Amino acid sequence: MRTFILRRLIYAIPTLIGVSIITFAIVRLSPGDPIRLYTFGARDITNEDIEALRRVYGLDKAMPLQYIDWLSRVVRLDFGQSFIYHKDAGSLILEILPNTLQLAVVSLVLQILIGVPLGVVAALKRGSWVDGLVRVFGVAGHAIPAFWLGLVLIIVFAVQLRLLPSQGMLTVGRDQWDLFDRLKHMLLPAFVLSLTGIANYSRILRTETLDVLGQDFVRTAHAKGLRERTVVFVHALRNALIPVVTALGGILAALVGGALVVETVFSWPGIGRFTFAAAIAKDYPIIQAGTMIASVLLVVSYLLRDIAYAVVDPRIKVR
Amino acid sequence: MATTTATLRGTVADTLVRPSRSLWSNAWWKLRHDRLTIAAFCMLALLVALSLAADLFADNVFNYSFSRQDLLHTYEKPTFSNLAYLLGTDEIGRSQVVRLLYGGRVSLGVGFVAALVNLTIGVTVGLAAGYFRGLVDDVFTLFVTTLNSIPTLFLLLIIAAIWQPGPFTLTVVIGALFWTGISLFTRGQTFALREREFVVAAKTIGARDRRIMFRHILPNILPLIFVLAAIDIGAIILAESALSFLGLGILPPTPSWGNMLTGATQYFVRAPFLVYPPGVMIFLTVLSLYLIGDGLRDALDPRIRG
Numbered sequence: 001m002r003t004f005i006l007r008r009l010i011y012a013i014p015t016l017i018g019v020s021i022i023t024f025a026i027v028r029l030s031p032g033d034p035i036r037l038y039t040f041g042a043r044d045i046t047n048e049d050i051e052a053l054r055r056v057y058g059l060d061k062a063m064p065l066q067y068i069d070w071l072s073r074v075v076r077l078d079f080g081q082s083f084i085y086h087k088d089a090g091s092l093i094l095e096i097l098p099n100t101l102q103l104a105v106v107s108l109v110l111q112i113l114i115g116v117p118l119g120v121v122a123a124l125k126r127g128s129w130v131d132g133l134v135r136v137f138g139v140a141g142h143a144i145p146a147f148w149l150g151l152v153l154i155i156v157f158a159v160q161l162r163l164l165p166s167q168g169m170l171t172v173g174r175d176q177w178d179l180f181d182r183l184k185h186m187l188l189p190a191f192v193l194s195l196t197g198i199a200n201y202s203r204i205l206r207t208e209t210l211d212v213l214g215q216d217f218v219r220t221a222h223a224k225g226l227r228e229r230t231v232v233f234v235h236a237l238r239n240a241l242i243p244v245v246t247a248l249g250g251i252l253a254a255l256v257g258g259a260l261v262v263e264t265v266f267s268w269p270g271i272g273r274f275t276f277a278a279a280i281a282k283d284y285p286i287i288q289a290g291t292m293i294a295s296v297l298l299v300v301s302y303l304l305r306d307i308a309y310a311v312v313d314p315r316i317k318v319r
Numbered sequence: 320m321a322t323t324t325a326t327l328r329g330t331v332a333d334t335l336v337r338p339s340r341s342l343w344s345n346a347w348w349k350l351r352h353d354r355l356t357i358a359a360f361c362m363l364a365l366l367v368a369l370s371l372a373a374d375l376f377a378d379n380v381f382n383y384s385f386s387r388q389d390l391l392h393t394y395e396k397p398t399f400s401n402l403a404y405l406l407g408t409d410e411i412g413r414s415q416v417v418r419l420l421y422g423g424r425v426s427l428g429v430g431f432v433a434a435l436v437n438l439t440i441g442v443t444v445g446l447a448a449g450y451f452r453g454l455v456d457d458v459f460t461l462f463v464t465t466l467n468s469i470p471t472l473f474l475l476l477i478i479a480a481i482w483q484p485g486p487f488t489l490t491v492v493i494g495a496l497f498w499t500g501i502s503l504f505t506r507g508q509t510f511a512l513r514e515r516e517f518v519v520a521a522k523t524i525g526a527r528d529r530r531i532m533f534r535h536i537l538p539n540i541l542p543l544i545f546v547l548a549a550i551d552i553g554a555i556i557l558a559e560s561a562l563s564f565l566g567l568g569i570l571p572p573t574p575s576w577g578n579m580l581t582g583a584t585q586y587f588v589r590a591p592f593l594v595y596p597p598g599v600m601i602f603l604t605v606l607s608l609y610l611i612g613d614g615l616r617d618a619l620d621p622r623i624r625g
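Chains as they are written, first to last, in our numbering: chain X, 1 to 319; chain H, 320 to 625.
Just to be clear, a hint being listed does not mean it is correct.
[Stated by the list, open to error] Calculated from the model, a selection of chain H residues having no Cβ within reach of chain X, i.e. all distances over 12 angstroms:
no.: 1; residue: Ser-386
no.: 2; residue: Leu-391
no.: 3; residue: Gly-428
[Stated by the list, open to error] Derived Cβ-Cβ restraints for the label pairs, each shown as a range:
no.: 4; chain 1: X; residue 1: Thr-220; chain 2: H; residue 2: Val-491; range: 33 to 41 angstroms
no.: 5; chain 1: X; residue 1: His-86; chain 2: H; residue 2: Thr-488; range: 30 to 38 angstroms
no.: 6; chain 1: H; residue 1: Phe-592; chain 2: X; residue 2: Ile-307; range: 47 to 55 angstroms
no.: 7; chain 1: H; residue 1: Gln-585; chain 2: X; residue 2: Asp-178; range: 28 to 36 angstroms
no.: 8; chain 1: H; residue 1: Trp-482; chain 2: X; residue 2: Arg-219; range: 58 to 66 angstroms
no.: 9; chain 1: H; residue 1: Val-380; chain 2: X; residue 2: Val-130; range: 30 to 38 angstroms
Note that these hints are calculated values from the structure, not bench results.
These figures come from a predicted structure and were not determined experimentally.
Backbone N, C-alpha and C fix where the C-beta goes; we use that ideal spot for every residue, glycine too.
Model the full structure from these sequences, guided by the hints.
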């Protein structure tokens, strides 16, 4: 197992290098001169000053050298100063990373807690109206634009019913450990963020449960005279639950990407909304820090998924 | 497993009596009996027709162009008395229903064109990786893993923010970012197919690589590529609408279902009726595409019978 984890860790290195090249290239190949952008509005600046600044920031060197410079700083989490906040971009992002993580974790829990039972119940009651409903939801849940669902929920629950807050993470003036307040703010964004995952899980679990229920060992269990409940929960479900782990890859990617939209709609102070604001303002260090950290998040979660998968499914050969 | 003896007997009897059918005619036969997929096809056809006829409707039915503003009639409530106000007007008095029709053009257009781009890239790259294996495949795997490790929406957003591409470039960029799923699928299928007898036979008689890839292997995966294409267009429409909603995709005055909601926060109290229609249109379009994808899969996947 240790070699397996180690091997996966080593595999992650070229991926991260690739991600860093793309992140670097996108910003450096962009039209516009970063120094001119950085000094925008400074009236009494001369061309010599600009040349000097260019040397200070290493922008006079060849592109590959610049990349290596940049990378050697990035591995120390030094993404440079934000153009707007004039603070360290990496620490700005890391400061708000927990906000995104808590939203993502809560949605992941919601997805599993709602999606899995939906799929299993649909399979057990195959052909019934419950099954029909779950199947329709399994497709429809993917087709609803998340940002729009967020807007509609805000109109219904915040503007019309006045039950839940529409924006932010905490009521102004409340203590940040007021968990009930935080939960109230989290309810709508977490639900919107989990919708596709719920649809995904209900679909996968339905197919998988039906598949497992048709297999020989389930028939054998029935033939032994075991109770229906024992067969379903002990024999069938344990096998049908494996895809909960397998599907995590796509679901995590959707979670990190979706966070950007959902955080913007609900003004949730996470890295998605922050990176979006930076992209609009062309604050390159923040853009790079946000993208890199979101990608690292994704790579780490893929890694955890692979490990969980190897633990859950004994058929997977650990190499 | 799930087939009852009655239907099993039915299919056996059918195959005995019926002359052999090609995959396509078989699929067509199945599709015609799948009411949900037919309904989805009709819905999509209706949406395409409505957006194609947007000019016609705007000039003859509503007498209101999509860019016409009327500051004396902002936030008009939906009414039947004036057809242009059928779904109300927005904050600068533009007709919601007319803009909805034109928005369909953008969303559907971007969806189809971007899907064409990513199918071309995805299938070609996937075929090459699966067929040549070795170094080509290693490079492919590294590249795809890398691309999959960056949240696509982040990447799309940053590219859109930095380069501010026009509608056409944006479409191509979306196409160039969404191909990894298709190429992974194609690669997997090619892996399996390249060992089959007909490929070996083609090789033996001296067929060149390109011919084997496109004439022998591709036709065998093409049916399932259609399935992916339908789902793919839906996913692209969703991504474009999110991007346009954020103010970085298709820019006003060109209406798109996404950018019609950019100013939605202003509508919350005064005009919630403006928020519902664009989302419903996106939902219906994407839903019908996903249902078509599902229906096609049932009809075309030889492993699914009955």
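Next on the checklist: Of the numbered hints stated earlier in the document, which are not met by this structure?
Outcome noted: 4, 9
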